[in-house]
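2 protein chains.
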Amino acid sequence: MRQYILPNNFKGESPFKLKGKDSQYFTRVLRLKKNDKILARDKNGLSYQLTVLEFDKSSCLLDVVKLKSGESFESTDELPSFVGDYPKLHLFQAVCKGKKNETIIKMATELGVSSITLVQSEHCIAKKESSNTDRYEAIVKEAIQQSGSPIMTQFNKITTFKDFVNCLNIPLLFFHQINIDEKVSLKEKLKDFDTSTPIGIFIGPEGGFSDKECKILLDKNCIPVMLKTNILRAETAAIVALSAIHTLLMEK
Amino acid sequence: MRQYILPNNFKGESPFKLKGKDSQYFTRVLRLKKNDKILARDKNGLSYQLTVLEFDKSSCLLDVVKLKSGESFESTDELPSFVGDYPKLHLFQAVCKGKKNETIIKMATELGVSSITLVQSEHCIAKKESSNTDRYEAIVKEAIQQSGSPIMTQFNKITTFKDFVNCLNIPLLFFHQINIDEKVSLKEKLKDFDTSTPIGIFIGPEGGFSDKECKILLDKNCIPVMLKTNILRAETAAIVALSAIHTLLMEK
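Protein chains in written order, with numbering that gives the first Met the number 0: chain A, 0 to 251; chain B, 0 to 251.
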């Protein structure tokens, strides 16, 4: 079931009026009509029951009822979703060229990652991606809505490799084309983790990590992983790595 | 390690001359120079050791030595690959709109699926994708080269749902948003399979499978799977489903 992310200017008021693009998303993409109901979340992840009171070409008036945690609600959106615990995956993605970042951000959000942080690493070809933060945040928001994700994926501003490593406070798996400890399976590497443990996942850029970066990550006790497959493009690597870990944790 | 797929006019001769686009791929994308060596495969999957004898702007002359199965070879391409058995996954993908098919075909080939077949199903929005076969075959070829995949992924022409079901001769998992047997985990559904078993994976179009199609698939003993995650777009669903099954079979 899809959901609606309320705009930042929503302060809990009912009725609440959507205008312009926000209203168009509601009536044209979600195709909601008078009396239709949908689940909504605000920027803090709090849940609301929305009911369409009236709408026209440029605006949409909504009845808003705040929901308590776990309280049931009605939705006229048909697609059902998985209900249950999600792994707490935090994606750290070395900046890629152009549209690749968008593909990665969109797919990772659909899969329900907790956060996405772009990292500037040595072999990154793209240098100035920080200016796209607004665009990336919009992609995250739309992916949450379309996928009905219960996880309010947090998009963090781009950071340097050095700052990233210094601030790291969760276990991190980094995906690398060279197999450093090939005898240990991915399943074994995840044996101490479950869906309640925050786990960082670090994916290199098109050119992979440098030897220096690998050494720094190993010195910080980060866990190297080589996927048992071919050489993947950066965007494929990100979604395959996330899916692999998501699956192994969910199927434990 | 990447590899080169020899053009269809190659008949085993040495030296062999590449011209035009084929030559440009060799010298500009793979960036091979005089005396550089690379692994090549012909359209039947047979392996060859290539050595660049000479090249100019429009052509490239290669020394060709046929390799026996498992025979060692030299490559000046640095990126290492996973060596081992791959699952025998056959992707059946309901036709999606526009570029989505390309994304799916590219990612699935990188992951080393054995074959890809597009299927026309009831909720498909795109109706005339059969004309793009040449383009899709070119995407498969390039993805095999770039990913160094040892699997010569076969691209099959578009088929109807009816023909697909009637010709089905391998176990099939189909991915569906409604959980038909939620108590059985994906791992359990895969318990009789390993990397030597051919497995079909059927992914619906943007609108999912119809109730009628689901019933036909269940009647044919196909296995329904609901991914334990959000509502995924068709292209994300394909790669997540393939990754999940690839991982569970490789980590057995």
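Since the hints were derived computationally from the structure, they do not count as laboratory data.
Predicted model, so just to flag it, every value in this text is computed and none were measured.
Treat the hints with care, since some could be wrong.
With a straight-line Cα cutoff of 20 Å, these simulated SDA-like cross-link-like pairs (lysine to any residue) come out [stated by the list, open to error]: (1) B:Lys188 x A:Glu250; (2) A:Lys98 x B:Lys188; (3) A:Lys251 x B:Pro79; (4) B:Lys98 x A:Gln145; (5) A:Lys98 x B:Pro79; (6) A:Lys211 x B:Pro79; (7) A:Lys99 x B:Lys188; (8) B:Lys251 x A:Lys98; (9) B:Lys186 x A:Lys98.
Comparing the hints with the structure gives:
For the suggested pair B:Lys188 and A:Glu250, the alpha carbons sit about 11 Å apart, so the restraint of at most 20 Å is met. Between A:Lys98 and B:Lys188 the CA atoms are separated by roughly 36 Å; this puts the pair beyond 20 Å, and the hint is violated. Restraint check for A:Lys251 and B:Pro79: the C-alpha separation of about 30 Å exceeds 20 Å, so the hint is violated. The suggested pairing of B:Lys98 with A:Gln145 holds, with an alpha-carbon distance near 19 Å, which does not exceed 20 Å.
Of the supplied pair hints, the one linking A:Lys98 and B:Pro79 is violated, its CA atoms being roughly 26 Å apart against a limit of 20 Å. Distance check on the hinted pair: A:Lys211 and B:Pro79 sit about 18 Å apart at the alpha-carbon level, within 20 Å; holds. Pair hint A:Lys99 plus B:Lys188 does not hold up; C-alpha atoms about 34 Å apart against a cutoff of 20 Å. The hinted pair formed by B:Lys251 and A:Lys98 fails the criterion: a straight-line CA distance of about 35 Å is larger than 20 Å.
Proximity of B:Lys186 to A:Lys98 is assessed by CA-CA distance (about 34 Å); at most 20 Å being required, the pair is judged violated.
The structure fails hints 2, 3, 5, 7, 8 and 9 (numbered hints given earlier, in ascending order).
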